[in-house]
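Guided by the hints, dock chain L onto chain A, whose structure is given.
Chains as they are written, first to last, in our numbering: chain A, 1 to 356; chain L, 1 to 309.
Worth flagging that the hints you see were computed from the coordinates, not collected in a lab.
Where a beta carbon is used, it is the ideal one built from N, C-alpha and C, also for glycine.
There may be inaccurate statements among the hints.
What the hints assert, rightly or not - Which residues of chain L face chain A? A few of them, derived with a C-beta cut under 7 Å, are:
| hint | residue |
| --- | --- |
| 1 | I6 |
| 2 | N219 |
| 3 | M220 |
| 4 | I254 |
| 5 | R265 |
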Amino acid sequence: MAIRMKLVAAAAMLALGAGAAQAQDKLKVGFIYVGPVGDHGWTYQHNEGRLALEKEFGDKIETTFVENVSEGPDAERAIERLARDGNKLIFTTSFGYMNPTVKVAAKFPDVKFEHATGFKRADNVSTYSARFYEGRYVIGQIAAKTSKSGVAGYVASFPIPEVVRGINAFLLGARTINPDFKIKVVWVNSWFDPGREADAAKALIDQGADIITQHTDSPAPLQIAAERDIPAFGQASDMHRFAPDNQLTAIVDNWSDYYVSRAKAVMDGSWKSQDVWGGFAMDMVEMSDYKNMPDDVKAMAADTAAKIESGEIHPFQGPIKKQDGTEVIGAGERLSDEVLLGMNYYVEGVEGDLPQ
Amino acid sequence: MVDAGIITAIALTVITASTPLLLAAIGELVVERSGVLNLGLEGMMIAGAIGGFAAANLTGSTAIGVGVAAVAGAVLSIPFGILVINLAANQVATGLSLTLFGLGAAAMVGEPFLGTPGLKLPKLDIPGLTDLQVIGPVLFGQDGLVYLSFVLVAATSWFLTRSRAGLTLRAVGDSHDSAHNLGISVRKVRWMAVLFGGACAGLGGGYLSLAYTPLWTENMTAGRGWIALALVVFSSWLPWRVAIGAYLFGAVTILGFHAQGAGIRIPSQFISALPYLATIVVLVIISRNKTLLRVNTPACLGKPFVPAR
Numbered sequence: 001m002a003i004r005m006k007l008v009a010a011a012a013m014l015a016l017g018a019g020a021a022q023a024q025d026k027l028k029v030g031f032i033y034v035g036p037v038g039d040h041g042w043t044y045q046h047n048e049g050r051l052a053l054e055k056e057f058g059d060k061i062e063t064t065f066v067e068n069v070s071e072g073p074d075a076e077r078a079i080e081r082l083a084r085d086g087n088k089l090i091f092t093t094s095f096g097y098m099n100p101t102v103k104v105a106a107k108f109p110d111v112k113f114e115h116a117t118g119f120k121r122a123d124n125v126s127t128y129s130a131r132f133y134e135g136r137y138v139i140g141q142i143a144a145k146t147s148k149s150g151v152a153g154y155v156a157s158f159p160i161p162e163v164v165r166g167i168n169a170f171l172l173g174a175r176t177i178n179p180d181f182k183i184k185v186v187w188v189n190s191w192f193d194p195g196r197e198a199d200a201a202k203a204l205i206d207q208g209a210d211i212i213t214q215h216t217d218s219p220a221p222l223q224i225a226a227e228r229d230i231p232a233f234g235q236a237s238d239m240h241r242f243a244p245d246n247q248l249t250a251i252v253d254n255w256s257d258y259y260v261s262r263a264k265a266v267m268d269g270s271w272k273s274q275d276v277w278g279g280f281a282m283d284m285v286e287m288s289d290y291k292n293m294p295d296d297v298k299a300m301a302a303d304t305a306a307k308i309e310s311g312e313i314h315p316f317q318g319p320i321k322k323q324d325g326t327e328v329i330g331a332g333e334r335l336s337d338e339v340l341l342g343m344n345y346y347v348e349g350v351e352g353d354l355p356q
Numbered sequence: 001m002v003d004a005g006i007i008t009a010i011a012l013t014v015i016t017a018s019t020p021l022l023l024a025a026i027g028e029l030v031v032e033r034s035g036v037l038n039l040g041l042e043g044m045m046i047a048g049a050i051g052g053f054a055a056a057n058l059t060g061s062t063a064i065g066v067g068v069a070a071v072a073g074a075v076l077s078i079p080f081g082i083l084v085i086n087l088a089a090n091q092v093a094t095g096l097s098l099t100l101f102g103l104g105a106a107a108m109v110g111e112p113f114l115g116t117p118g119l120k121l122p123k124l125d126i127p128g129l130t131d132l133q134v135i136g137p138v139l140f141g142q143d144g145l146v147y148l149s150f151v152l153v154a155a156t157s158w159f160l161t162r163s164r165a166g167l168t169l170r171a172v173g174d175s176h177d178s179a180h181n182l183g184i185s186v187r188k189v190r191w192m193a194v195l196f197g198g199a200c201a202g203l204g205g206g207y208l209s210l211a212y213t214p215l216w217t218e219n220m221t222a223g224r225g226w227i228a229l230a231l232v233v234f235s236s237w238l239p240w241r242v243a244i245g246a247y248l249f250g251a252v253t254i255l256g257f258h259a260q261g262a263g264i265r266i267p268s269q270f271i272s273a274l275p276y277l278a279t280i281v282v283l284v285i286i287s288r289n290k291t292l293l294r295v296n297t298p299a300c301l302g303k304p305f306v307p308a309r
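Just chain A, with the same shape it has in the complex (with noise of 0.2 Å):
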C-alpha cells in the first residue's frame, strides 16, 4: 500500500515537474506557408529561418508550420488553430494573409502576429518585408548587359504592389544600362504552378526575349531557359542546380536573423508591434554567386549591389516616367516607401497593360 502511494505520488510529481518545464520557457513559434516547403523558393526561404530558429534556441523552442494554405477563408482557420495550440508568435507569410492575421490577432490579444508583405498592423500584428527591389535593379543591369534584343520576358504571379514595384526596379535598372530595355510580363495568377510558369516563360521567349525573369517560386521557368539555352535569374532561392550553365544570379531571401530577433525579443519581453522593412543593408536581401557572365558585369552588379547597400544609389530615383510619359518624380528626387507600397502602374519601357 504504501509503496503503491508512492508510486502514485512520483507519477504526479513526475507528471507535474514535466508540465512545468514545458510550460516554464517553451517558446511555441507558429508558421503559416503559402506554398510547400519544397517549392525551393519563397516558402523554402521561409522554412530555412524556422530551421535557423531550432538551431538558435534548441530545447527553448517548439516549432509548428502548416503548409499550403490558401490565401482565403481557410488561411483564416489556420492561423486561429495555431493561435488556440498555444503558439505565443505566429508568423504568416504571405501578402494574402493579411486580413485574416489581424482577424485572428484581434481573438488572440497576448499572441505576437508577423506578417509578411502587409501593411496592416495592430497592437499584437507587425509587419516585415525585404526590398527585395534592390536586388531586382541588380538583375535588370545583368540584363541589360546581358540580353541582345533588348527584350525580357518576366513571369510574373499576382498585380500586387510587391510584384509590380519589382517589374518596375528591374526595367529601371536595365535602363542604366540600355534607355531602349523593354520588358514583356506574363502573368499566370498563382504564385506556385510550375506547368503553368514553364508556359509563360515559353510563350515569351517565342516572343523574342531572349533572357527570363520571374516572381514566381517554382524554378520550372528557370529549367525553360536552360532548355532553350538563354540566361535567366533564380528566385527566393540560388536555383543553380535546376540550371548550372543559365542561372546568371538569384534574389535570395533570408528571414533568418530577422525571426531570430523577433523570437528573443518575445522571449525577453521586449517585443512590440513595428515595420520592418530591410533589405541589403539588413542582409534580408542577398545575391546569390553572379555565374555565366563575364567578369566586367560581374564588377557592375557587386559595385551596384555595394552602392545600394550604402545609399549612394536608390533603385527609385527621378527622374521616374509612367508608361503613358507622366513623369512621377523628376531628377535627383527618391520615391518615398509609402509611394513604393502602393505602386499601381508600369513604368515606360514595360510593354503590356497592368492588370488593375
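Just chain L now, with coordinates in the frame of chain A:
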C-alpha cells in the same frame, strides 16, 4: 509577325500543357463509364509524378520512369477499389480522401528528391514526317507519352463502341443490377476500369515530372486532376471530346499568355478563368439536351453496387 515559327511554337506548348490532362481524363472516362466516380485523380497523378521522377532518377532511364509512374497511379487506386468496389463505400468521400492521401504520401516519398534536377523524356522523331512544315514537329516530333495519348484516345473510342469488352463495361456502368443478372462480374469489370484509370492518371503525373517540367516539387500537379475530372463531364463521356476539351483548355491558357506577352488588352484573370467558364457553359448546354445526356451518361455513376444474394 504571325509566321509558321510562332504557330509551331504555340502548338508545341499547347500539346505539352494538354497532354497530362488528356492522359488523366481518358482514364477517368473509362472509370466513370463503368459506373465508378473516382475523385482521387489528383492524388493518383501526384503519385505518378513522384513515382516516375524517383524511378527515372534512380535508374537513369526515363522509360522505366514512365512505367513506374503508371504502376504508382494504379497502386494508389487499389485502396480506392477495395473500399468502393468490394466494400461499397461512398465513392465521393473515398475519392476525396485518396487525393489527400496521395498528396501527403507523395510529399513524404519525394523529400529526398527535392532540389534534384530531373531527366527529360527524349523526343522521338519519325523520319520523314518530323521535317514537315508546322505539322511535322507538332504531331511527329513529340515524346513517347504524347504519342501514347493519341493512341489511347483512339483505342478507348474503339474499345467503348466496337469491342465486346467495352460494351460489357458500359452495360455495367448503365445498370449494374442487370449486368449482374446477366452473369457479368460487375466487380471484376470495375476493378479493371479503376486500375486502368489509376495507371492513366499516373502517366499524366509522370508526364509532368518527366517531360513538362522535369523536376519534383510538392503539389506540382497544382489542381490538374480536378481539371481532368471537369473535362470528362465536358466531353459528356466521349473520348474524342475529351481530346478536344483538353487541347481547347491548353490552347486557351497558352494563347492567353501569348496575348499578354504581345500586349493585347485582355485581363489576365479573365483568361485564367476562361477554361472553367467554358466547362460551365458546356455543362449547361449538354444538360439542356436530355436525350444526349441520357445516351452517354453512365446511369449508375457513383452508385455503390451491392449484389442481391
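Evaluation of the provided hints:
1. For I6 (chain L), the suggested interface contact is upheld, since its CB lies about 6 Å from the closest CB of chain A, less than 7 Å.
2. Interface hint at N219 (chain L): satisfied, since its Cβ lies 5 Å from the closest Cβ of chain A, which is below the 7 Å cut-off.
3. Here the hint on M220 (chain L) is kept, as its CB sits about 5 Å from the closest CB of chain A, short of 7 Å.
4. At a threshold of 7 Å, the smallest CB-CB gap from I254 (chain L) to chain A is about 6 Å, leaving the interface hint in force.
5. For R265 (chain L), the suggested interface contact is upheld, since its CB lies about 6 Å from the closest CB of chain A, less than 7 Å.
Violated hints: none; the structure is consistent with every hint.
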